[in-house]
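Q: Go ahead and model the full structure; you've got the sequences and the hints to work with.
Chains as they are written, first to last, in the numbering used here: chain A, 1 to 338; chain B, 1001 to 1084; chain C, 2001 to 2367.
Hints listed in this document are in silico derivations from the structure and should not be mistaken for laboratory results. Fair warning: there could be bad hints in the mix.
[Said to hold, decoys possible] Footprint (simulated), chain B over chain C, 3 or more residues, beta carbon under 8 angstroms:
1) 2008 to 2018
2) 2106 to 2120
3) 2143 to 2152
4) 2286 to 2300
[What the hints assert, rightly or not] Residues from chain B that keep clear of chain C, each with C-beta distances beyond 10 angstroms, as calculated:
5) E1011
6) I1012
7) K1013
8) A1037
9) L1062
10) L1065
11) A1069
[To be verified] In silico contact screen, one side only, chain A against chain C (beta carbon under 7 angstroms); selected entries:
12) K6
13) I17
14) H19
15) L21
16) R23
17) R185
18) R319
19) G321
20) R323
21) D327
22) S330
23) P335
24) R336
25) I337
26) C338
We treat Cβ as the ideally placed atom computed from N, Cα and C, and that holds for glycine.
The residues making up each chain are set out below.
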Amino acid sequence: MDPADKILLDHGSGGRIAHRLLRDLLLPAFDNPALAELNDGAILEVEGSRLAFSTDSYTVDPIFFPGGDIGDLAVNGTVNDLAMCGARPLALSAAFILEEGFPLEDFRRILGTMARAAREAGVAIVTGDTKVVPRGAADRVFINTSGIGLIPPGVRVASHRARPGDRILLSGSLADHGVSVLAGREGLAFQTTVQSDTAPLHRMVAAMLAAGGEAVHVLRDPTRGGLGTALNEIAESSGVGVLIHEETIPLKPEVAGLCELLGFDPLYLANEGKLVAFVHPEAAEAVLAAVRADPAGRDAAWIGEALAAPAGRVVMQTRIGGRRIVDMLSGEQFPRIC
Amino acid sequence: MCLAIPSRIVEIKDRMAVIDVDGVRRECSLLLLEDAAVGDWVIVHAGFAISRIDEEAARETLSLLREAAALAGGAPGGEPPAGE
Amino acid sequence: MATRHSAEYRDRHLVQELSSRIRRLSRRPLRIMEVCGTHTVSIFRHGIRSLLPETITLLSGPGCPVCVTDTAEIDAAIELARRPGVVIATFGDLLRVPGSRSSLERERAAGCEVRIVYSALDAVALARQTPGREVVFLGIGFETTAPTVAAAVLAARQAGLGNFSVLCLHKTVPPALAALTAAGDLRIDAFLLPGHVSVVIGRRAYLPFFERTRLPCAIAGFEPVDILQAVAALVAQAETERPQVENVYRRAVAEEGNPAAQRVLAAVFEPADARWRGIGVIPASGLEIREAYAAFDASRRFPLELAPAPEPRGCSCGEILTARKTPPECPLYGIRCTPSDPVGPCMVSSEGTCAAYFRYHDASAGG
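A: Here is the structure:
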């Protein structure tokens, strides 16, 4: 590492460069077995029970976007990280860093959103903290939430448990959140009716686990870095190949349209209310039925399967019948002319 | 070298148009295209319409290809794939 | 639904028909250069290589503005970004391109103001909203983009803006094609010509180049059916030894191009020599701002020392852009040079040959 190196925005994009930061700085600094698992949350054995513990900080521009605001993300995001461990969320914390001058009215609105989201998710925000920094030292409002959840006996989902033959389920249309935020961003001036998909997924997960039990091998919510990055992470930690079929991936026309206009690949845009699951084929139909019974999973579809080879790689059969590699996101996507 | 997307003009005011791509709308300049009209399909690059799509030429190209595909015994190539 | 004029050209049956037509026709090996980077991306993104017979090799050419923008020009943009009061407005393409010591992305992290815009007009709007700042727009791109930047200059003049200027790095395609084919050891048998450059300049603009080389040429759109149709046309031309400049993007490209765009371009810009990264100076292959618009020319407003910048050691971008090497033949490829840590420009742009190769290439998938 060059001593002159600085943190770039790309280090937070969830793609390959973020992974390198994790591998080179964070993992060596805190080295321990629970962290090394690299799941959405850590799994802790406490006197015979298994707890899931997860934390996430939220910063988004704009803070209010079609379909939600930063408050929805902060509650649903951590609820979902717990859910991806197979856990039932028990309680959340919330900590705020506020910029001097941030309108009280906006703060009130965000707190209202968080309260509603927590109520809808059936989980209480039980502790918190507020700090204010001078103007310019933060951008309006940053939120951190942490959560704990209880993993029921017999549930064993983890990103290394994908096996060749598993079918891959996506719980709904891709990239809605990423596109709603992009379209709302100042300066780009696109109008769409696309709404963020922010939603809590723990009930869907409970239904999937009830229907499929141990046949549900992997759960992951493809947030930053998108589906492409999530699938690469699973392929790497499980040592399997992943084959997906472009034409089976649900994509709203408007999302496809904005991606075409800006030269973005929807495989790398964020989702905030979707999950991807690797499921043993014997339980596939029961799990799909459970997902579709949830309002956030109506458009769920099988999008591919895990293979023995090429291990650690993701390949997509394209709509026209060609094949291409799907890599991890290598850096945040920018609107481009080429 | 140049990402440019087929879009439909839904509104024109002065030399600015509102274009629609699959429901996404944006303003787009008509300074580089003469005689554009509402309803036209145009190719948009970096916020400018740079070409009007020649519907006649498009139809010809596609029908020749579809005939060839039908002759080759494949399934008819007429329908765009579902979900597009 | 606005999928018209694109969904039809992703039809699997038409793709299959064209793919088998190419297999039927193609006997001799054919090395086709796709000049345009957007073609490169489309070819990889749709997995088109896996649909072609082994006789066909697709090579990526110098049609990615990011790849051919000279290191010294990136350095100049960075120097401007560092000046107090300057806001750089740029297409996202240029943000990660390494200059000799830094990139605009790193300068932004260090505190310089670098804004990404979708259109040159957005940069004009930015200048109007920030009267106390100097907005410098980085004018990259070929004949497709240059008229949009010229139109922005005209709009800025009409609005009487004194704080908008363009660092003009535009390049033009026909002189580059001529230079590519004039060099010895040409390893290109046919050209897939850029559809959206052709929208502006027209089929006619390639005729002088064609008369000299008599190599098969096809103007292509960017959907899979467009590209395969152009490949089929090139194969047919080569097999029958009847080369021509064939327009297979007739729905968008006219014989004489887009006269309005040509007029706007010529009003603001005039031809100038330009340095292409990896290729060198090509006479009259660039554009500069005419004297009448000097007030909007960043290189006149902010005199810059353009020190020649050496290419990164071991980087083969030049040979790759001219089809003398494929990315894996570069000693840095995939080792020191990757999309998240690029050394050469071909790895930076998502349409850069090396980046596209790195992201999408799969030997086992028949690419």
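Q: Confirm or reject each hint.
A: Now for the hints, and whether the structure bears them out:
Residues of the segment 2008 to 2018 of chain C with a Cβ under 8 angstroms from some Cβ of chain B number 9, which satisfies the need for three, so the listed coverage holds. With 3 residues having a beta carbon nearer than 8 angstroms to a beta carbon of chain B, the segment 2106 to 2120 of chain C meets the requirement of three or more and the stated coverage holds. Coverage of the segment 2143 to 2152 of chain C by chain B holds [criterion: at least 3 residues with CB-CB distance below 8 angstroms; count 5]. Only when three residues or more bring their CB closer than 8 angstroms to a CB of chain B does the claim for the segment 2286 to 2300 of chain C stand; here the count is 0, and the claim is violated.
Interface exclusion of B/E1011 from chain C stands, the closest Cβ pair being 14 angstroms apart, more than 10 angstroms. The claim that B/I1012 lies off the interface holds: its Cβ sits roughly 15 angstroms from the closest Cβ of chain C, which is beyond the 10 angstroms cut-off. A cut-off of 10 angstroms between C-beta atoms confirms that B/K1013 is not in contact with chain C; the least separation is 15 angstroms. In this structure B/A1037 is separated from chain C by more than 10 angstroms, as the shortest Cβ-Cβ distance comes to about 15 angstroms.
The beta carbon of B/L1062 is not kept farther than 10 angstroms from every beta carbon of chain C, the shortest such distance being approximately 6 angstroms. Under the 10 angstroms C-beta cut-off, the non-interface status given to B/L1065 relative to chain C is violated; the minimum distance is some 5 angstroms. For B/A1069, the shortest C-beta to C-beta distance to chain C comes to about 4 angstroms, within the 10 angstroms cut-off, and the non-interface label is violated. Proximity of A/K6 to chain C holds as hinted, the smallest CB-CB distance being about 5 angstroms (cut-off 7 angstroms).
Among the interface hints, the one on A/I17 holds; its C-beta lies about 5 angstroms from the nearest C-beta in chain C, closer than the 7 angstroms criterion. At a threshold of 7 angstroms, the smallest CB-CB gap from A/H19 to chain C is about 9 angstroms, leaving the interface hint violated. Nearest Cβ of chain C to the Cβ of A/L21: about 11 angstroms, over the 7 angstroms cut. The hint is violated. A least Cβ separation of about 13 angstroms between A/R23 and chain C goes past the 7 angstroms threshold, and the interface hint is therefore violated.
Evaluation of the A/R185 hint against chain C yields a violated restraint, the C-beta minimum of about 10 angstroms exceeding 7 angstroms. With its C-beta approaching chain C no nearer than about 6 angstroms, A/R319 sits inside the 7 angstroms limit, and its interface hint holds. A distance limit of 7 angstroms between C-beta atoms decides the matter here; for A/G321 the minimum to chain C is near 5 angstroms, and the interface restraint holds. A least Cβ separation of about 4 angstroms between A/R323 and chain C falls short of the 7 angstroms threshold, and the interface hint therefore holds.
Below 7 angstroms, beta-carbon pairs count as interface contacts, and A/D327 has one with chain C at about 5 angstroms; its hint therefore holds. Taken as an interface hint, A/S330 checks out: its beta carbon lies about 4 angstroms from the nearest beta carbon of chain C, inside 7 angstroms. Hint on A/P335 holds. Least Cβ distance to chain C is approximately 5 angstroms, under the 7 angstroms limit. Hint status for A/R336 relative to chain C: holds, with the closest Cβ pair at about 4 angstroms, below 7 angstroms.
A cut of 7 angstroms between beta carbons decides the hint on A/I337: the least distance to chain C is about 5 angstroms, and the hint holds. Interface hint at A/C338: satisfied, since its Cβ lies 5 angstroms from the closest Cβ of chain C, which is below the 7 angstroms cut-off.
Of the numbered hints stated above, those contradicted by the structure are hints 4, 9, 10, 11, 14, 15, 16 and 17, listed in ascending order.
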